[in-house]
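Here is what each chain is made of, one letter per residue.
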Amino acid sequence: MALSESELKALTEKAHQLRKDVIQTVAWSGGGHAGGALSQLDLLVALYYKYLNIDPSNPEKADRDRLVLSKGHGGVGYAPVLADKGYFKKELLQTFNHTGSSFGMHLDKNKVPGVDASTGSLGHGLSIAVGLALGAKFSGKKWLTYCIMGDGEQHEGSIWEAAMSAAHYKLDNLIGIIDNNKLCIDGPLNEIMNVSPLDKKWEAFGWKVRIIDGHNFNDICDAIEEAQAFSGGPFIIIAQTVKGKGVDYMEGAKEWHYGGLDGEMTRKALESIDRMYAGK
Amino acid sequence: MAEGSVTWSLQDADHMTAAEIYGETLVHLGEEREDIVALTADLAKSTKIGKFETRFPDRFINVGIAEQNLFGIGAGLALAGFTPFISTFAVFASLRAGEQVRTDICYQNLNCKIIATHSGVSFGQAGTTHHCTEDLSVMRSFANMTVIVPADGIETSKAVEACVDWKGPVYIRIGRGFEPWVHKDANYAFEIGKGIEMHPGSDITVIACGTSVYAAVDAAEVLEKEDGLSVRVIDMHTIKPIDRDIIMKAVEETRRIVTFEDHNIIGGLGSAVSEVIVESGKGCAFKRVGIPDEYSIVGYPEDLYNHFKLDTDGVIETVREVMGKEFEEDEDWEDEI
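Chains as they are written, first to last, in this note's numbering: chain V, 53 to 332; chain U, 1084 to 1420.
I should point out that these hints are in silico values taken from the structure, not numbers from a laboratory.
A few of these clues could be false.
Listed next, with one range per pair, are the computed distances between beta-carbon atoms [to be verified]:
hint: 1; chain 1: U; residue 1: 1274; chain 2: V; residue 2: 243; range: 46 to 52 angstroms
hint: 2; chain 1: V; residue 1: 258; chain 2: U; residue 2: 1363; range: 53 to 59 angstroms
hint: 3; chain 1: U; residue 1: 1137; chain 2: V; residue 2: 113; range: 32 to 38 angstroms
hint: 4; chain 1: U; residue 1: 1128; chain 2: V; residue 2: 113; range: 35 to 41 angstroms
Chain U regions said to be covered by chain V (calculated; three or more residues, Cβ under 8 angstroms) [unchecked claim]:
hint: 5; stretch: 1182 to 1193
hint: 6; stretch: 1258 to 1269
hint: 7; stretch: 1336 to 1343
Chain V is nowhere near these chain U residues, computed Cβ spacing over 10 angstroms in every case [to be verified]:
hint: 8; residue: 1092
hint: 9; residue: 1099
hint: 10; residue: 1116
hint: 11; residue: 1125
hint: 12; residue: 1154
hint: 13; residue: 1211
hint: 14; residue: 1376
hint: 15; residue: 1378
hint: 16; residue: 1389
Cβ coordinates follow ideal geometry from the N, Cα and C atoms, glycine included.
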């Protein structure tokens, strides 16, 4: 169902603000995975501002929905969302990556409130999410587990071990999301190691698949609602995204898998984001 | 024995492998604790965790032959509030899925209990691919991990019971076959991190773990009768945290220490004991016996233990060798060890 005008406006405004928070955090950190942080952002905004059953004042609430950011290097784009939700003070983002900080580029569950699993090494998150989803089934609980993966991460064999098991155990309380930005560190994903066709692969592994525009809130929300309603097995949303989305000089550039921002670059990035949301 | 624990008669235990006793113990614990779940990777039968599946099919996961997924799912279940018992062969737990154990379980300090079977060269005829002489070295280098090597089936049961309420990840390493039981009284006190003196002695101390404890006790009795030697034997069932007190007592009281383990001499029990001794600054004659830094050979386990000097004869030979060397007796360093 299409979002109401006010809902769409609220999500869009939140994404606008958080894109800028992400850029600030990359600048404070001295370097960050800016490209992947911006490609995943609209997915996180939809989940955190419309769907997740969570309570930031009680991060370990037993019946909360769980989210595993399997692409752990997206941490610099995840922490600003958690801060904005109120899990911790926003000022703490200024310590990102600093010596002794709670925030490294891959977030640690035991240090950052709101993080459901420590991630960073690629290919691990989906197995953890399968365990969380099985845990809900074992205890008869209704909470859902979401797992956001990178597309480069699909190279890891452990992803497919986990995919097989989620279908085998008919985990319809598990929703996978692939941030399909088509670039990994060394270059275009399908030149480094071809993962296409992702949809047919996941389908063959027993998942219900839906491909969406990962920057269109109507598309994202529609897919999440379809996934939530789906029963009988796991559901995967393949979100077509743009690496560096919103920052003109980062969009589609493999150089922005990881990078640092000086004052001028930060200013230009923030201006570019403002322009995009102004429709210019 | 603690209230509610499994009570074994030695007669029952003597015809069961350590793995079978583990399977029985886990079922017993599962009756009392709904948070216990069990997982394996197509080795339910071999690791005997399948007994839990029979009793509690709704709390059991078999992921097929996929060890990375096995430990990742275990981590997820622990994050969801369960206490997962995860079983596979030692070589797959420590090496195939080493990163999942380290990053998903130990880094997050999760309550996963890993019961690894077929350790060392106990799966003799299967050959080097299925031997595991590296796991103690790997596992004890993971922060938060507790590493236990029970000497026999009874001790396996005690270790499994003790680890349930021990916070954080635990690695319990057992063998494959009918290891002889060493503990003659099933009601002895077992405490994680505390070695057990199995035989008193003042001339030399043998520190052993796993199946080597039986050989050490057997050898101590022979050496006492035949050589008049007083050999202290310690069952060092916990490799991490290691019992520093019992080691330092042995250093001061016997001044000679030999370690025996079914593991590469690098990184396991011998290394752990030597670290304590060297850091203490106290002098001590010391020798490690285990699998040398080479790949194991194929054969019946008992033949392999003989080959690597880990059986009774091997302990006797090594103790005589170490006793035959002088230690701080004169200025001649050439004949010392």
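*If any of the earlier hints don't hold here, list their numbers in rising order.*
Hints 1, 6, 7 and 12 not satisfied by this model.
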